[in-house]
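S.K.: Each chain, written out:
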Amino acid sequence: MTKLARWLAWAAVGALGAFAFGGIALARGEPIDAWWLIAAAVCVYAIGYRLYGAWVATRVLLVDDRPTPATRIDDGRDFVPTNRWVVFGHHFAAIAGPGPLVGPTLAAQFGYLPGTLWILIGAVLGGCIQDMVILFCSTRRDGRSLGQMARDELGPIGGAAALVGTLMILVILISVLGLVIVNAMKHSPWATATVVATIPIAVLVGLYMRGIRPGRVLEGSAIGVALLLLAVWGGGRIDHHPTLRTWFDHGPLPIAYAIMVYGFAAAVLPVWLLLAPRDYLSTFMKLGTIALLAVAILWLNPVLHMPSVTQFVDGTGPIFAGKVFPFVFITIACGAISGFHALVSSGTTPKLLTDERDVHMIGYGSMMLESFVALMALIAACVLEPGVYFAINTAPGVVGEGAQAVATISSWGFPVALDQMQELAREMGEATLFGRTGGAPSLAVGMASIFSSAFGQGLLAVWYHFAIMFEAIFILTTLDAGTRVGRFMLQDFLGNFVPALGRTSWYPSVLLCSGVFVAAWGYFLYIGVIDPAGGVNILWPLFGIANQILAGIALCVGTAILVKTGRERYFWVTGLPLAWLTAVTSTAAWQKVTSDDPRLGFFAGANDLAVKLASGVLPPEKAAVAPQLIFNMRLDGWLTLLFAALLWLILADTARVCLRHLRTGAGVAVEGRA
Amino acid sequence: MKALRAFWAWLRAVSGDDAYERYRAHHAAAHADCSPLDRRAFFRQRQEEAWSRVKRCC
Numbered sequence: 001m002t003k004l005a006r007w008l009a010w011a012a013v014g015a016l017g018a019f020a021f022g023g024i025a026l027a028r029g030e031p032i033d034a035w036w037l038i039a040a041a042v043c044v045y046a047i048g049y050r051l052y053g054a055w056v057a058t059r060v061l062l063v064d065d066r067p068t069p070a071t072r073i074d075d076g077r078d079f080v081p082t083n084r085w086v087v088f089g090h091h092f093a094a095i096a097g098p099g100p101l102v103g104p105t106l107a108a109q110f111g112y113l114p115g116t117l118w119i120l121i122g123a124v125l126g127g128c129i130q131d132m133v134i135l136f137c138s139t140r141r142d143g144r145s146l147g148q149m150a151r152d153e154l155g156p157i158g159g160a161a162a163l164v165g166t167l168m169i170l171v172i173l174i175s176v177l178g179l180v181i182v183n184a185m186k187h188s189p190w191a192t193a194t195v196v197a198t199i200p201i202a203v204l205v206g207l208y209m210r211g212i213r214p215g216r217v218l219e220g221s222a223i224g225v226a227l228l229l230l231a232v233w234g235g236g237r238i239d240h241h242p243t244l245r246t247w248f249d250h251g252p253l254p255i256a257y258a259i260m261v262y263g264f265a266a267a268v269l270p271v272w273l274l275l276a277p278r279d280y281l282s283t284f285m286k287l288g289t290i291a292l293l294a295v296a297i298l299w300l301n302p303v304l305h306m307p308s309v310t311q312f313v314d315g316t317g318p319i320f321a322g323k324v325f326p327f328v329f330i331t332i333a334c335g336a337i338s339g340f341h342a343l344v345s346s347g348t349t350p351k352l353l354t355d356e357r358d359v360h361m362i363g364y365g366s367m368m369l370e371s372f373v374a375l376m377a378l379i380a381a382c383v384l385e386p387g388v389y390f391a392i393n394t395a396p397g398v399v400g401e402g403a404q405a406v407a408t409i410s411s412w413g414f415p416v417a418l419d420q421m422q423e424l425a426r427e428m429g430e431a432t433l434f435g436r437t438g439g440a441p442s443l444a445v446g447m448a449s450i451f452s453s454a455f456g457q458g459l460l461a462v463w464y465h466f467a468i469m470f471e472a473i474f475i476l477t478t479l480d481a482g483t484r485v486g487r488f489m490l491q492d493f494l495g496n497f498v499p500a501l502g503r504t505s506w507y508p509s510v511l512l513c514s515g516v517f518v519a520a521w522g523y524f525l526y527i528g529v530i531d532p533a534g535g536v537n538i539l540w541p542l543f544g545i546a547n548q549i550l551a552g553i554a555l556c557v558g559t560a561i562l563v564k565t566g567r568e569r570y571f572w573v574t575g576l577p578l579a580w581l582t583a584v585t586s587t588a589a590w591q592k593v594t595s596d597d598p599r600l601g602f603f604a605g606a607n608d609l610a611v612k613l614a615s616g617v618l619p620p621e622k623a624a625v626a627p628q629l630i631f632n633m634r635l636d637g638w639l640t641l642l643f644a645a646l647l648w649l650i651l652a653d654t655a656r657v658c659l660r661h662l663r664t665g666a667g668v669a670v671e672g673r674a
Numbered sequence: 675m676k677a678l679r680a681f682w683a684w685l686r687a688v689s690g691d692d693a694y695e696r697y698r699a700h701h702a703a704a705h706a707d708c709s710p711l712d713r714r715a716f717f718r719q720r721q722e723e724a725w726s727r728v729k730r731c732c
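Residue numbers (this note's numbering), protein chains in the order written: chain A, 1 to 674; chain B, 675 to 732.
Think of the hints as simulated: they come from the structure by calculation, not from any bench.
Hints may be right or wrong, so weigh each one.
To list a few chain A residues with every Cβ distance to chain B over 12 Å, as calculated [stated by the list, open to error]:
#1 2
#2 157
#3 656
Incomplete in silico selection of chain A near chain B, CB under 8 Å [as the list claims (entries may be wrong)]:
#4 83
#5 85
#6 95
#7 272
#8 340
#9 341
#10 347
#11 348
#12 477
#13 481
#14 485
#15 547
What the simulated footprint calls covered on chain A by chain B, stretch by stretch (three residues with Cβ under 8 Å from a Cβ of chain B suffice, anywhere in the stretch; the number is not a length) [as the list claims (entries may be wrong)]:
#16 66 to 77
#17 216 to 223
A virtual CB, placed ideally from N, CA and C, is assigned to each residue, including glycine.
Between the sequences and the hints, there should be enough to build the whole structure, so can you do that?
M.R.: And the structure:
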């Protein structure tokens with residue numbers, strides 16, 4: 001009887017999911033509301049988690065009750081047996097960054113349907129599986145990192161590829177995130193003042209937790225969060241003050257330089273002063289705001305004004321170039337499948353697990369929740385009138401300024417008026433919202449309209465700047481933590497050649513490696529800022545390709561482990577997402593390198609600009625930056641080739657290792673301690 | 675009330691607010707022969723360690 005009841009319950013979940021998907025797919029022309037997407041998502045997650053995820057955990061990975069590294073080693077420092085819900089919280093806080101907010105917002109240019117399908121299907125069959133398999137493999141190997149596992153299972157080439165891939169993705173990630181907040185802060189005294197205030201607030205909290213009340217994390221964070229909310233209000237006061245506002249009214253380039261100085265400082269200063277307290281604040285803000293957004297969307301059930309599919313699936317999209325295949329799968333990396341998660345799933349989390357069977361809940365479950373965050377970001381973007389969405393997210397270099405931009409966007413069939421945009425900017429407390437590319441401002445407008453409808457009208461400007469602060473604070477957390485990790489990785493790497501540089505506390509090495517790493521991402525940030533096309537068009541696809549290639553490396557390691565440990569029958573569990581990612585990234589890389597369309601192909605873009613520069617048709621301000629842009633596009637082209645080569649190299653290496661294992665019948669590799 | 679208390683315990687554990695108490699408990703159980711670090715020194719050491727590896731994602 002209970003079996004029948006359970007069967008019926010799952011049949012109902014399946015039917016509801018199918019009904020929701022049917023509703024989404026058949027809604028042609030008339031707008032649908034958010035509950036349709038949420039119903040479809042919840043059913044997909046339930047089926048994915050309870051049926052597929054559980055099947056992979058118990059039948060493929062064969063999780064059992066053997067002691068975990070945490071229970072065996074239990075050194076009170078790294079290896080600490082921890083309650084599963086606490087590990088879940090740690091793990092989710094670690095994987096959830098700004099990526100799942102920005103990517104879906106940009107991908108909304110294709111309409112809501114392509115992004116929604118990829119977020120749901122990609123997560124359930126790809127991202128969740130990757131996170132769970134890597135978490136499991138690392139747990140069985142005493143918490144080894146992805147790089148170490150790649151070296152052990154594939155050989156030195158695999159290890160080196162993982163290291164290079166990780167370093168490159170960090171550089172691109174930090175630069176593109178820097179660009180996102182530059183675009184939110186440029187000529188916005190309110191946003192700039194609020195974001196600047198987060199730095200002294202973090203230092204204050206750091207001093208409190210260090211000197212006044214050591215280690216009282218919750219007290220310190222509560223004070224910090226209260227001060228942050230005060231800073232949002234205070235920013236508004238500064239914005240209304242005639243002299244004070246000029247102190248915070250800056251163009252994009254000075255803000256970019258300030259961010260570079262900040263990143264360098266965060267990498268060399270002691271962590272307790274800036275990095276650790278900022279992270280506490282950003283984690284609380286992040287989880288709190290995401291929960292608030294979920295409540296508001298569920299309660300309000302907003303209507304999606306974006307069509308399900310726009311004409312830009314043909315590759316003419318104004319926000320980034322390229323057809324829906326492969327570029328929706330590149331643009332939405334975090335939220336569907338993100339290689340970066342493999343770094344968190346190996347190394348830190350496995351050292352806390354008390355029970356190996358929890359990899360299902362923690363690995364698969366956390367990624368599912370992150371996928372849901374991505375879906376909410378997509379909803380928040382699609383709630384906007386499409387004309388408004390495109391006016392905010394399209395660079396002046398693409399559609400022109402003001403009246404010209406409005407005319408161009410309206411001619412696409414997404415009507416928007418100049419006074420409508422001015423009224424919206426006034427409501428949000430900004431001088432203008434045109435050309436604020438990068439996704440953060442349009443997400444903030446979407447969130448502000450959802451929040452103010454749910455929790456009271458009239459505070460639109462405060463909600464907008466609250467959303468900007470929320471995005472900026474954890475973008476800056478990824479930026480400073482990433483810069484510091486990059487510095488350590490660089491020191492570790494250079495230490496192979498010059499041992500002194502490998503000493504992580506030797507100050508000359510600290511300054512040198514931090515400087516080199518900041519210079520690397522600072523370069524891409526600088527180019528993104530001076531690029532009249534907005535920079536996001538170039539940097540975000542590059543980031544997506546890098547992140548998906550890191551996922552490819554992680555799935556290669558997972559596949560090799562499945563084959564070597566006698567699970568070769570099930571190699572497709574990681575092999576299928578790997579094949580899909582290979583197809584997606586290779587196609588995207590191929591188009592980015594060889595396309596004749598100057599907006600899509602890097603080399604075509606460089607040549608097009610070079611011809612225009614030589615024939616003197618460029619206006620002087622564009623001609624001044626053209627040589628740098630030409631060099632950068634060629635560099636990006638070579639970088640894309642390097643990424644693709646890296647993936648194919650490691651694929652060949654994986655195939656070699658797997659085939660050798662199967663041919664020689666080397667038997668089943670013993671895994672961990674039984 | 676019980677649920678509230680469980681949430682508070684979870685929040686303290688997940689934020690690291692109770693890290694020092696857990697450290698003292700572990701220390702008393704495993705290394706009773708040497709004296710434990712004091713609160714201030716413990717947090718200094720713990721924070722430096724935590725931020726030298728990948729801890730935050732994109």
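S.K.: Each of the hints needs a verdict: does it hold here or not?
M.R.: Results for each hint:
Every beta carbon of chain B lies more than 12 Å from that of residue 2 of chain A, the smallest distance being close to 27 Å; the non-interface claim holds. For residue 157 of chain A, the requirement that its beta carbon stay farther than 12 Å from each beta carbon of chain B is met, with the minimum near 22 Å. Interface exclusion of residue 656 of chain A from chain B stands, the closest Cβ pair being 28 Å apart, more than 12 Å. For residue 83 of chain A, the suggested interface contact is upheld, since its CB lies about 6 Å from the closest CB of chain B, less than 8 Å.
Among the interface hints, the one on residue 85 of chain A holds; its C-beta lies about 6 Å from the nearest C-beta in chain B, closer than the 8 Å criterion. Given the 8 Å rule on beta carbons, the hint for residue 95 of chain A holds: about 5 Å separates it from the nearest Cβ of chain B. For residue 272 of chain A, the interface hint holds, the least distance from its beta-carbon to any beta-carbon of chain B being 5 Å, beneath 8 Å. Hint status for residue 340 of chain A relative to chain B: holds, with the closest Cβ pair at about 5 Å, below 8 Å.
Hint status for residue 341 of chain A: holds, given a least beta-carbon distance of 6 Å to chain B, under 8 Å. The closest approach between the C-beta of residue 347 of chain A and any C-beta of chain B is roughly 6 Å, which is under the 8 Å cut-off, so the hint is satisfied. About 7 Å separates the beta-carbon of residue 348 of chain A from the nearest beta-carbon of chain B, less than 8 Å, and the hint is met. Nearest Cβ of chain B to the Cβ of residue 477 of chain A: about 6 Å, under the 8 Å cut. The hint holds.
Taking 8 Å as the C-beta cut-off, the interface hint given for residue 481 of chain A holds, the closest approach to chain B being about 4 Å. At a threshold of 8 Å, the smallest CB-CB gap from residue 485 of chain A to chain B is about 5 Å, leaving the interface hint in force. Checking residue 547 of chain A against chain B by beta carbon gives a least distance of about 7 Å; that is within 8 Å, so the hint holds. Counting residues of the region 66 to 77 of chain A whose CB lies closer than 8 Å to any CB of chain B gives 3, which reaches the minimum of 3, so the coverage claim holds.
Three residues within the 8 Å Cβ limit are the bar, and the region 216 to 223 of chain A against chain B gives 4, so the coverage statement holds.
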